[in-house]
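Working from the sequences, and respecting the hints, build out all of it.
The letter at position 82 of the sequence shown is residue 82 when you use the working numbering, and the numbering goes up by one with no holes.
Note that these hints are calculated values from the structure, not bench results.
You can trust all of the hints, since none of them are fake.
Pair by pair, the computed Cβ-Cβ distance ranges are:
id : residue 1 : residue 2 : range
1  : Ile137    : Pro179    : 38 to 46 Å
2  : Ala185    : Ile137    : 44 to 52 Å
3  : Phe104    : Lys207    : 19 to 27 Å
4  : Ile262    : Ala185    : 41 to 49 Å
5  : Ile137    : Phe88     : 17 to 25 Å
6  : Ala60     : Val198    : 42 to 50 Å
7  : Ala63     : Thr246    : 18 to 26 Å
8  : Ser219    : Pro85     : 16 to 24 Å
9  : Asp71     : Gln204    : 53 to 61 Å
Here the structure is a predicted model, which means the values were calculated and not measured.
Where is the CB? At the ideal position from N, CA and C, for every residue including glycine.
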Amino acid sequence: MQDIDEKLKQDAIRKKFVSIDRTKGNNPSVIKMTDGPLIPKKGEKHVMSSWRLTFILSIALLAYLLIFHRDPYWSIFKVTIQGTPVTFEVTIFAIVGAVVIGTFTGLGSVSKLRVINMISGLYVELIRGIPLLVQLIFLYYALGSIVHVEGMVAAIIALSICFGAYIGEIVRAGIQAIPKGQMEAATALGMSRSQAFVHVILPQTVKVILPAIGNEFISMLKDSSLVSTLALSDILRKGREYISRTFLSLETMLIVALIYLIITLVLSRLVGLLEERLHKNG
1 MQDIDEKLKQ DAIRKKFVSI DRTKGNNPSV IKMTDGPLIP KKGEKHVMSS WRLTFILSIA
61 LLAYLLIFHR DPYWSIFKVT IQGTPVTFEV TIFAIVGAVV IGTFTGLGSV SKLRVINMIS
121 GLYVELIRGI PLLVQLIFLY YALGSIVHVE GMVAAIIALS ICFGAYIGEI VRAGIQAIPK
181 GQMEAATALG MSRSQAFVHV ILPQTVKVIL PAIGNEFISM LKDSSLVSTL ALSDILRKGR
241 EYISRTFLSL ETMLIVALIY LIITLVLSRL VGLLEERLHK NG
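Given below as structure tokens:
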């Protein structure tokens, strides 16, 4: 019995690492698997310390520029910050659409029906192979040739379709990470497979994929700057308009970068707190 428990522990450990260097005898070194920007958690002091340092420095630099160099940084800040509502509007609506698309894609990827499985795989490979900027421009002009589509709608649809492919892979991996014994135990208790999936598999999957979904949300916020090509007045578009009037490109882009950095840091911490609360409440 102890041998079985030890083997189960070893298998669980192997799933958490990309590779293991076995050249050092009984004490192999390991390389942890990470995906995207790290989300700061209380238990990870080095990540939390790095987050705090970056956040304090970015706030201090922005405050220094706005207080001691009001001309031109205060004017730049007032103009660029006006694009924040558009940036958040595009990101929030797009992440909702991406989660819906990604959920169906992930379910299709683990489906036993070969046709559905193939369609999901084709969608993922096709979308992941085309740059987001190309998708934005193509979708905007392709839909525009059929029906009148506003830039906001085209941007939300393009971001949803693009990130839906990545979230689909996250959902697929999350479902496959749940031990098969969970489904077998649920069906043995009298549940149907659909009931077992909704009440047993899905809640555990959400806890597994939440950090990765948070990373995709943060990545989408940064990639939403590409919607400026569709003439949407987001943060970057406001900055480019200011540059066209004043030719202060370096100063303007510095403020734009600081705004995106501070928003990203705040969101990464909020995602970390959400994940901690979810695990705490079981």
